[in-house]
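There are 4 protein chains.
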Amino acid sequence: MIIVLKPHATEADAQAILARIEAKNLKPLYMPGVERIVLGAIGDERVLADLNIEADPIVEEVKPILSKHKLVSRELHPHDTQVPLGNTQIGGERFAVIAGPCSVESREQLLAVAEMVKAKGAIGLRGGAFKPRTSPYAFQGLGLEGLKLLKEANDQLGLPTVSEVISPEDVPMMAQYVDMLQIGARNMYNYRLLEAVGQSGKPVMLKRGLSATIEEFLLAAEYIVAQGNPQVVLCERGIRTFETATRNTLDLNAVALLKQKTHLPVVVDPSHGTGIRELVIPLSRAAAAVGADGIIVEAHLNPKEALSDGHQALTEDLFEQLMRELAPFVAAAGRTL
Amino acid sequence: MIIVLKPHATEADAQAILARIEAKNLKPLYMPGVERIVLGAIGDERVLADLNIEADPIVEEVKPILSKHKLVSRELHPHDTQVPLGNTQIGGERFAVIAGPCSVESREQLLAVAEMVKAKGAIGLRGGAFKPRTSPYAFQGLGLEGLKLLKEANDQLGLPTVSEVISPEDVPMMAQYVDMLQIGARNMYNYRLLEAVGQSGKPVMLKRGLSATIEEFLLAAEYIVAQGNPQVVLCERGIRTFETATRNTLDLNAVALLKQKTHLPVVVDPSHGTGIRELVIPLSRAAAAVGADGIIVEAHLNPKEALSDGHQALTEDLFEQLMRELAPFVAAAGRTL
Amino acid sequence: MIIVLKPHATEADAQAILARIEAKNLKPLYMPGVERIVLGAIGDERVLADLNIEADPIVEEVKPILSKHKLVSRELHPHDTQVPLGNTQIGGERFAVIAGPCSVESREQLLAVAEMVKAKGAIGLRGGAFKPRTSPYAFQGLGLEGLKLLKEANDQLGLPTVSEVISPEDVPMMAQYVDMLQIGARNMYNYRLLEAVGQSGKPVMLKRGLSATIEEFLLAAEYIVAQGNPQVVLCERGIRTFETATRNTLDLNAVALLKQKTHLPVVVDPSHGTGIRELVIPLSRAAAAVGADGIIVEAHLNPKEALSDGHQALTEDLFEQLMRELAPFVAAAGRTL
Amino acid sequence: MIIVLKPHATEADAQAILARIEAKNLKPLYMPGVERIVLGAIGDERVLADLNIEADPIVEEVKPILSKHKLVSRELHPHDTQVPLGNTQIGGERFAVIAGPCSVESREQLLAVAEMVKAKGAIGLRGGAFKPRTSPYAFQGLGLEGLKLLKEANDQLGLPTVSEVISPEDVPMMAQYVDMLQIGARNMYNYRLLEAVGQSGKPVMLKRGLSATIEEFLLAAEYIVAQGNPQVVLCERGIRTFETATRNTLDLNAVALLKQKTHLPVVVDPSHGTGIRELVIPLSRAAAAVGADGIIVEAHLNPKEALSDGHQALTEDLFEQLMRELAPFVAAAGRTL
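Residue numbers (full-length UniProt numbering), protein chains in the order written: chain S, 1 to 337; chain C, 1 to 337; chain U, 1 to 337; chain Z, 1 to 337.
Simulated from the structure, these hints should not be mistaken for lab results. It is possible that some hints are incorrect.
You can't tell identical chains apart in this list, so a pair holds if it fits in one copy or across any two.
Stated by the list, open to error - No more than 20 Å apart at the CA atoms, straight line, and that leaves these computed lysine to aspartate or glutamate pairs for EDC-like:
hint, residue 1, residue 2
1, LYS151, GLU60
2, LYS6, GLU278
3, LYS63, ASP13
4, LYS70, GLU216
Using the sequences plus the hints, can you model the full thing?
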């Protein structure tokens, strides 16, 4: 940790801080410069967190050297983690395609779309039963009924399921019906929920928050892993920027950087990441090329009648085109579909 | 609602959509232009939400005319709402100053700072008992013990309290100890939590999410009010932008706009909004000038030893200076402290 | 164009505006709704620009239907444009790789790196002679001397050149030495400069501004084309967002959307788009997959001694790896290197 | 300067870098930690700029301690600078109100609005003669004719003028007609233009770029001052963020921070900063309260007919209300109007 003092700081100010660092068994360093005194603390600076050195009025800035996450870091765990999804897994040689409707709307709708995506190569089924919606007047999902339909689809088709959980109290119930619990973008900072899915022992798909930095995203994963559950898949789904021509800005830089920084699998959601049906296929190709471990996309047999997000759902034709177009890029990335 | 069709749309495409609009008892409008067909739906377009017209592949863009929030809108409820905080209220002639530590850390700490801010003119006490922290390894608050201390402070000093609730299941318990439930910025999209505080009947301080638009902020308030609880105070606390010299970018445009759009009181948090102790006073002055109904600031008798956010906490001297400097600006705004 | 009036607007207010629309020979439309009066203007709304309807105090919002750019729009010019770069061109079947140092530093440096990138498959040479730098104390480029070296490199190796122009008065001079004039991100809104390169008749590479929307980017291209110069290549080079782990956020959504909206070629700059050497290769692969017409990357034989941006320059080994890794993705995209 | 090496760096790597630091006469520091080797350079690190240490592949990150700007820094020049505007100045006890139309449109328009704003207390007249417009088809200003009208207005009324310059070659000509040269937001990174106004010796109003950090803003001012022209007024005019309810997000945090970091005067443009006529007055009040040295606002006697930006221009009534409402806030700030 590097500590920059304000211009008027004295050597005595510096020594007081150095004493606190030394008391924590870190090696203190005194570096008086021409315009500023700079201090250093050598050792595992994470133990300094509770000193709150940045709160000292004489301190101008604290510059950490080490990131705060450990369990999810590739530095300490160099090998790729594979996370199970039913009988298959995410993070290995296979490029995982998970598809399905934004919301579970009815038995017919779900089974038909599940059959379609399975036939064309999807290895998992997505579908929302509890929908967090910006407006209180929008469709909020079928709830438990939706979960039962997901389970039925999996039982019939052998297509493991991913569905969003929005409250800690729902976790045990949901864990009975679905194979992977999804934390949505709006809940990435909902630490109680992160702890609850951490304790559940279920595989988790963690979506990046709308305006979460990569470091915060990793720390959210750290919350889950710190509860003893290392089965976490990270999902880049677009961030909020000034650009409004697309719903979000898909951050593929983040995918490439995450693959270097963490051993957890990373997938991409090009449906929410673009918000435009016509952009889902090119960005899916890009996701395969940048090194993602898979994609999760919205598909619907009749998007016109979708109860949510129909404008970004792929029709059967487009889903088929997606799989066909993906194939050579997945192969170029040295993987299989 | 205005609906723009894609360039290749035909009149038949248009008529199909117009028929759906008419079926909802809205007046349909057909406007064929030189490069695009544009359609209109006249009437309360909110009833069209479940048609999901934007999902139709022939639709290029849907432009809503009316905002989705109603209960919080000043258009339908022109008079200012006042929200009770213990024996006082927020939203009237008085400019409310709520102050206290980021976290409740101990009985001594809390009572001392509460006494100090009360003596200098604060009308409410803030203090976190459940702390949502970015890192799982940071101090997470005293929990129930902290709530009891807040209640004790109020009992002793007559200073009503505001404290953050982070999980729906905690709402009934917290409602027994504090006067106003705070929804933190990280939980603004946590709709289960919004519904829970809506059902509690307790006054709520709702903080704007890190990257929430003003429209989303109002819809979050609408979630609470739609549960039958109109006692909501909005709090602008800075948004996330590209600028890193300050912790967040305090959006005072939003305060002025919110005062026009909604009847709910609006307060400002210059501590989180700047993240820099030296900027809290000038931005508090600006908050009074722009028309806010009050501020909520962090204060600590010994920020060096604060367990969280000490770098933005005001010391006793600075809190006194804040109140002294605020006075003429509050008077200029036609209010009292 | 759709015009939403304020809640208190009267029919007379509406008629006054409709009369102005009619006077411009557009068809006016009156749509009184439950909460707002909405007006429409059917026809080529671009002729309404000088009415400044949004300035009328009774107008709440103006929603344009058509975008303001025409010449660059694919709607009106469906076929792909190819832009010449020396004897080759950008925008055809070939995926163009343009490479070279951030700055031209010396004859030896430039010729050596030019030879290297040519040998490995680059079809163009980039190199800055006039460098816009954030700090007035940073290296500002070799100027004319740098241009002469670029010309010498092209003469020797047959590798056409791209270099940035930063002032209208430099355009005629630069046009004598380089094959394509680059407008840097910082100058995308420098309309005098856009007009000057438009009048030069030289091929232009236009980089997207740091915080330019896709619409503004297309309008900047429109400035150039409107001067009679259709030879414009668009370059996505990352936008400024809240994320600081990467220098910029490369917006590949924008590339896919631009390929749909405009007939101009679109290339990607993964060096500036990431700012991190280790991310250049994966994002180059993604650029090929998303449908870009090429990439422009920084390469340097000895990045440690680069006078600018060395941290994102590819070494010889990495440039070779880039070309090797790109190959299957370019093939998957149905193109050749 | 602090230098963090990559995890696999050796002591030899470190010594090579330290040798380069020592060769520049700075004191090198070696700090081997548990997970990273950290190096330091004590002394005026600005001399290290041309070492480009961040380009070394073994370097993970370089953390500067000192900012790159010097001439504009309050640390080295503690006293407030006052910048002349005709016979008056910006930066002293008086809170400067500069007002006028977005564009100079005609003799009648300009003289009438100039007379009005002068009568109500403005000390300067703004008006654009050369207008940088996003669309090539929008009104681009009257050019030289507009400058002559500005001069005539000043000659008749004694109201000094501010007008935007958009190209280096126009600087000498404009310097003959106006009292202060404005650099618009779109040109803040146009370094040739900054140098040209620096060399002109004329007072300059420098507007913050749409997405410029505070540090970049100060470095742009440094460009001007480094040419020997210390007469620079900084103008905060709103930044681009995700929020679209307002045209820009006015960053008053930046104003308070700039007043601490630099000795240059800082004014606020609430017209562009909000883009909404109804928000100009509350944000002007806030500007006075936060410590700005003045405001620059758009006013027009007939905004409906304004050729640009009419929707944010104040009418005569609103300008009068602005001055009346500003008065007590300016007084509360210890200044005069």
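We went through each hint and held it up to the structure:
1. LYS151 with GLU60: neither (55 Å within a copy, 36 Å between copies)
2. LYS6 with GLU278: between (53 Å within a copy, 12 Å between copies)
3. LYS63 with ASP13: within (18 Å within a copy, 22 Å between copies)
4. LYS70 with GLU216: Result: close within a single copy only, 13 Å intra versus 34 Å inter.
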